[in-house]
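Novice: Sequence:
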Amino acid sequence: PLCDELESINYKRPPTDQLVGVLGRIPSHSVRAPRPLLNIDVDDEKNSDLEGEDGEEKKPHLGRTRAIRSLLLHIENAWTVLLEIEDLETISRNQIDSNRDYFNKASLLEKTKERMAVLFDMLHVETPNYIHKPLNSESRFFYPEDEFFITLSTIPKGSKFMSRVVCTLFPQYLLAVTYAYMRNLLVMATSPRNLEEEEHLSKIFGVIRSAIFNFGFSDIMIAFQCIVNCHNEERLI
207 PLCDELESIN YKRPPTDQLV GVLGRIPSHS VRAPRPLLNI DVDDEKNSDL
257 EGEDGEEKKP HLGRTRAIRS LLLHIENAWT VLLEIEDLET ISRNQIDSNR
307 DYFNKASLLE KTKERMAVLF DMLHVETPNY IHKPLNSESR FFYPEDEFFI
357 TLSTIPKGSK FMSRVVCTLF PQYLLAVTYA YMRNLLVMAT SPRNLEEEEH
407 LSKIFGVIRS AIFNFGFSDI MIAFQCIVNC HNEERLI
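Okay, so the sequence shown: first residue is 207 according to my numbering, each after it adds one.
FYI, nobody ran anything at the bench for these hints, they're computed from the structure. This one's a predicted model, so the numbers in the text were calculated from it and none came from an experiment. Heads up, some of the hints might be wrong.
Claimed, not checked - Result set (BS3-like, lysine-lysine): computed pairs, CA atoms no more than 27 Å apart in a straight line:
id: 1; residue 1: K311; residue 2: K366
id: 2; residue 1: K363; residue 2: K409
id: 3; residue 1: K363; residue 2: K311
id: 4; residue 1: K317; residue 2: K366
id: 5; residue 1: K409; residue 2: K366
id: 6; residue 1: K409; residue 2: K319
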């Protein structure tokens, strides 16, 4: 036949680098809900402007930009841990539904606890010193220990991340997160956000509102005490 006499034609596409301008590849261990890669391109011309005659005035802006990039990278690393936990929970649910022991249940639970502890540490939910009130009245945060976690929760990528985290946290960790949000309720309510971020915030407080009914009476009283002690502005009402 004529097709046997013709040589096969191999079409070759020019090679492209898929990692140009991005932080890295989508994690291969999770195929559910792939996330956009973080763009960390830096414009050299803009950076050179920061070192000009008025560079002293632009240094604070440069510092904030670097801090936000560092926070975004931290959230990206925390996303990986969260996906591992969600995968472990999926394996556990599927095992229960199928009534088959593909994996050791105790081993799965222990691994989930281990990764959950790592994730909670990455949130930096600190317990402030309630005895001594902060001296810096100009800060947005009543306690400086809350600055990292609340900042993480109010930026776009962080609010989406936390809307997934609160659905996964064990009760003792969710309680600590609830206290932090109650201490900074005004900051959370007045932070500028778009419609998508508003949905994420609504989801976060929806989970917390449902979880409060499962907290002990003393835990609920502490949460309300956080609101009373850390807020004295009419905007909260």
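Novice: So, for every hint listed, does it hold in this structure?
Specialist: Checked hints:
1. K311 x K366: violated, 30 Å
2. K363 x K409: Between K363 and K409 the Cα gap is close to 14 Å, so the pair holds against 27 Å.
3. K363 x K311: Violated: K363 and K311 sit about 33 Å apart, past 27 Å.
4. K317 x K366: Between K317 and K366 the Cα gap is close to 25 Å, so the pair holds against 27 Å.
5. K409 x K366: Roughly 9 Å separates the two Cα atoms, so the pair holds.
6. K409 x K319: holds, 24 Å
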